[in-house]
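Trainee: Okay, here's what each chain looks like letter by letter:
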Amino acid sequence: MTPFLLAGIGGLMTELAGMLNIALEGLILIGAFFSVIFAASTGSLFLGILLGIMMTVFISWIFGAVTLYLKANVFITGLATNLLAGGLTTVLSFHLFGTKGVLMFQDLPSLPSLKIPALHGIPVLGDILLGHNILVYLGWLIVVLAWILIYRTPFGFRLRGTGSNPAAMTALGLKPQNYQMAGILISGFTCGLAGAVLTLNLGAYVPNISSGRGWIALVVIYLGGKTPFGILGAAFIFGLAESFSNYAQGFMNIPADFILAFPYIITVAAMVVMSIVQHRKVE
Amino acid sequence: MLVLRTILKGKHVKIKRSGIYVSAASLAITLAAAFIVMLVMIFIMSETPRDTIYFFFAGPFTNNYYLGNMLNSTIPLILTGLGISFAFRSSMFNLGGEGQVYAGGLAATAVCLAMPAAAGVVGISTAIIAAVVTGGVIAGMSGFFKMKWRTDELISSFLISNALIYIVDNFITGFLDDPENNLLTTKKIAEQFWFKKIFLPSNLDISIFFIVIIAVLAYFYLFRTHQGYEMRMCGLNPEFARYGGINVGRYMVLPMMLSGGFHGLAGAVSVLGTSHQCFKGFSGGMGWNGIAVALIARNNPVAVIPAALFFAYLEAGAKSAMINADITIEIASIVQSVVFFLITAQAIYNFVKYGRKGA
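Sequence lines, in order, name chains A and B.
Per this note's numbering, the very first residue in the first sequence carries number 2; after that it's consecutive.
Per this note's numbering, the very first residue in the second sequence carries number 35; after that it's consecutive.
Chain B with its partners taken away, still in its complex shape:
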């Protein structure tokens, strides 16, 4: 009887559950909390809560245009999510995603504008390389400062990125500005450089296939190569890694460069695939969303794909509710903040794993 009671109370017998189940269940709790917050906000803010909720959840699926655009917006999200995953896996914080995407997009645009339209694929490749290098160098600087002088990369990457946002703004509205209109954009790039659209009338383009392949390759790099192993080791325990003869300083710079490179690529893909020009503030939110995606995916490159889909759905839903109902799109960033608050909460994880709080 006593034994039974202790079992029922769960005092000595802790129910240990397997890793993947625990991760999935604690993720579900976090997302459920986020949706509850969203529903509460809609009921407070909206005059017509039922319509708003319908447009939020069903809006992205009502026609091919919305659906395709939602899928299209996963493309940069997967890339920024991968970028952040690489940084997080090696315990580096890259908070400069916004500026890296923006500068990458500008670099790609500048290359395309400088090249003759006949350059075609060569032009596209050059533009992509330019964007990746731009992003990589920007983020790499923070990694370099950290390696050399222990400068906090979290703060430096954010500050550098913010300074860059204004400088890129200046290029868009100044040097590269399209004189033929009054909009804050650069000239359109030649049509030969555009990615092929695959799901008209939406903006979804062919790059989505390549991006999925990149995510899978990133997984293999991180989990099946020597360098990936060393990178993860430096993230898990830098002291142990140093003791094991791993060049820890190298894994402060390399992951940051990779991270910035992915962000730059995200900028290039948005320009070449979707907007075909750089407009002021086009990277708005992409960097932060990348962090959210990486966190939901628990820094697993393959899991980044569904996480990016979820986020694109959230944004598309908010956009649809904004267009068709009476709320503003920033409601999505409040929901996002709830995800940020709870996603790393160890207490939720333990609660699911052991069935008791704080075990």
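So that you can see chain A by itself, here it is in the shape it has in the complex:
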């Protein structure tokens, strides 16, 4: 669930600034690729995550600069970012490692996880709250930070103002573009982290490892009512659906292709149901 959560929080920032960020998918992929590559080459998880995030923020800056300063269509530049991510990771993988397939890293340090033996005895709650790796807790921390940023700081007010009334922002002498750019860079940061969660957990890079998570995150934002804690809840549900489909593969005789299609079907269904509910409310 952590990748959905992180990408969702990032997407929320641009969503509040009035932009639907379809580049999340590509940004996750960039983060996933570069964090594992840098972690393996430096031998340090921290440096790997840091450099991976920096790379993702850089790509999101390109996306933002073209969209905002060259005034391009945000959907098309979002697609461009996704295409660039797919192309760049494959070309670099081929150029550096001579393969377009899975990249395995044997001596990659594993992510430290939080273990408090005394509390592990608590049923259900202990399993849900404890024993995860540090990035999961970082994700939860980011939800809280995002909430504070959005609702308790001037920056947050201005970010939301950019989305709801850009003309008022201009009248106040503020530049809406600056806040949109900030939103995009934050989404670069969180997506970089989301990618790092994917590959560092696995200790390997699989081509197209983001596999639609950025798109599902867009729906998670809507399902979460465009609030950080709502996104936490929605990401939890999608995380459950994901683990269920992995689990179901084990004991039910469902072809693997249907398991792969399942997250998309669930997401479309959730999206349509939600828009029906909202439509009813408006009427």
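One should not assume that every hint holds.
[As the list claims (entries may be wrong)] Here are the simulated DSS-like cross-link-like pairs (lysine-lysine), alpha carbons at most 25 Å apart as the crow flies:
no.: 1; chain 1: B; residue 1: K387; chain 2: A; residue 2: K72
no.: 2; chain 1: B; residue 1: K182; chain 2: A; residue 2: K227
no.: 3; chain 1: B; residue 1: K231; chain 2: B; residue 2: K387
no.: 4; chain 1: A; residue 1: K282; chain 2: A; residue 2: K227
no.: 5; chain 1: B; residue 1: K314; chain 2: B; residue 2: K231
no.: 6; chain 1: B; residue 1: K222; chain 2: B; residue 2: K314
no.: 7; chain 1: B; residue 1: K387; chain 2: A; residue 2: K101
no.: 8; chain 1: A; residue 1: K176; chain 2: A; residue 2: K72
no.: 9; chain 1: B; residue 1: K182; chain 2: A; residue 2: K282
no.: 10; chain 1: A; residue 1: K101; chain 2: B; residue 2: K314
no.: 11; chain 1: B; residue 1: K221; chain 2: B; residue 2: K314
These are computed hints drawn from the structure, not numbers from a lab.
Since the structure of chain A is provided, determine the placement of chain B on it from the hints.
Mentor: Structure of chain B alone, referenced to chain A:
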């Protein structure tokens, strides 16, 4: 003197240039940027950059086989480009092209496999209709959700298409799998259903003539009929269109269905004309390329033809460089992303039009 200086500085006198010139020049800037990025990448990645560049640019013209195959790959590109143009013209985003082409191809294959070989032309027509309907229904769903409940068609079309890709995969490797080999393909369709080849030894087939006619007809539909006018009006300004008494909801579903229909047709044409079977992932990239083609053509159905040719050239060049030199074909998708980044950039357009940035 002062007047002259202001003219030279261009402060008050803005040079306004005509529409078509501006479009062409800003397109040229975008494509030039894409080629520069490509050259830089080749110099970084390739051990033998001179050979690589030669194969990239000249490769598609070195023999009839390459040339014919390049022309052949424009056929589905024109169709997907038309499909996207219809959606874009009415301000609808169809990001599900990949799945629609794939499902269309599967539908055409399934019909051909179910029919006796003697059915000939009837079989071909049925297969094409099946593919068009399949694509149309898939994309039409997103349009319908949008009309009914304001569900974002951009996200829904993408998600539906991605789910379908896996389901089609399952049909290809399961139900319709060819048991005689271990490849991930369906059985070959009967030879009576194949399109006639016109440029041997390449795969170029007779459908290219029909496709060009379809593009011209699409132009007339969009710019010379009442329905086309209403469709464009809904794209330009839906509020104004509604005020003018146009049924706006209808133009959320219809363009999406047309768009999906064109994608389905692209799938059918690739199967009947080129591959004669459905293999796993055969639609790879066709949907995205259709978006690129429509953008370069600025959603003009006739301009889609040269735009598709350009894209086919880019892909053929990358393929030739991959076979003969030492780069991978994905370099083409980086070049493509540069085109995507810059093609809608209003700042470039204004720069050409007024000679100054951000005017």
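Trainee: Next step is simple, just say for each hint if it's right about the structure.
Mentor: Comparing the hints with the structure gives:
no.: 1; hint: K387/B / K72/A; verdict: holds (15 Å)
no.: 2; hint: K182/B / K227/A; verdict: holds (22 Å)
no.: 3; hint: K231/B / K387/B; verdict: violated (45 Å)
no.: 4; hint: K282/A / K227/A; verdict: holds (17 Å)
no.: 5; hint: K314/B / K231/B; verdict: holds (24 Å)
no.: 6; hint: K222/B / K314/B; verdict: holds (13 Å)
no.: 7; hint: K387/B / K101/A; verdict: violated (43 Å)
no.: 8; hint: K176/A / K72/A; verdict: holds (14 Å)
no.: 9; hint: K182/B / K282/A; verdict: holds (14 Å)
no.: 10; hint: K101/A / K314/B; verdict: holds (18 Å)
no.: 11; hint: K221/B / K314/B; verdict: holds (12 Å)
Violated hints, in rising order: 3 and 7; the structure is consistent with all others.
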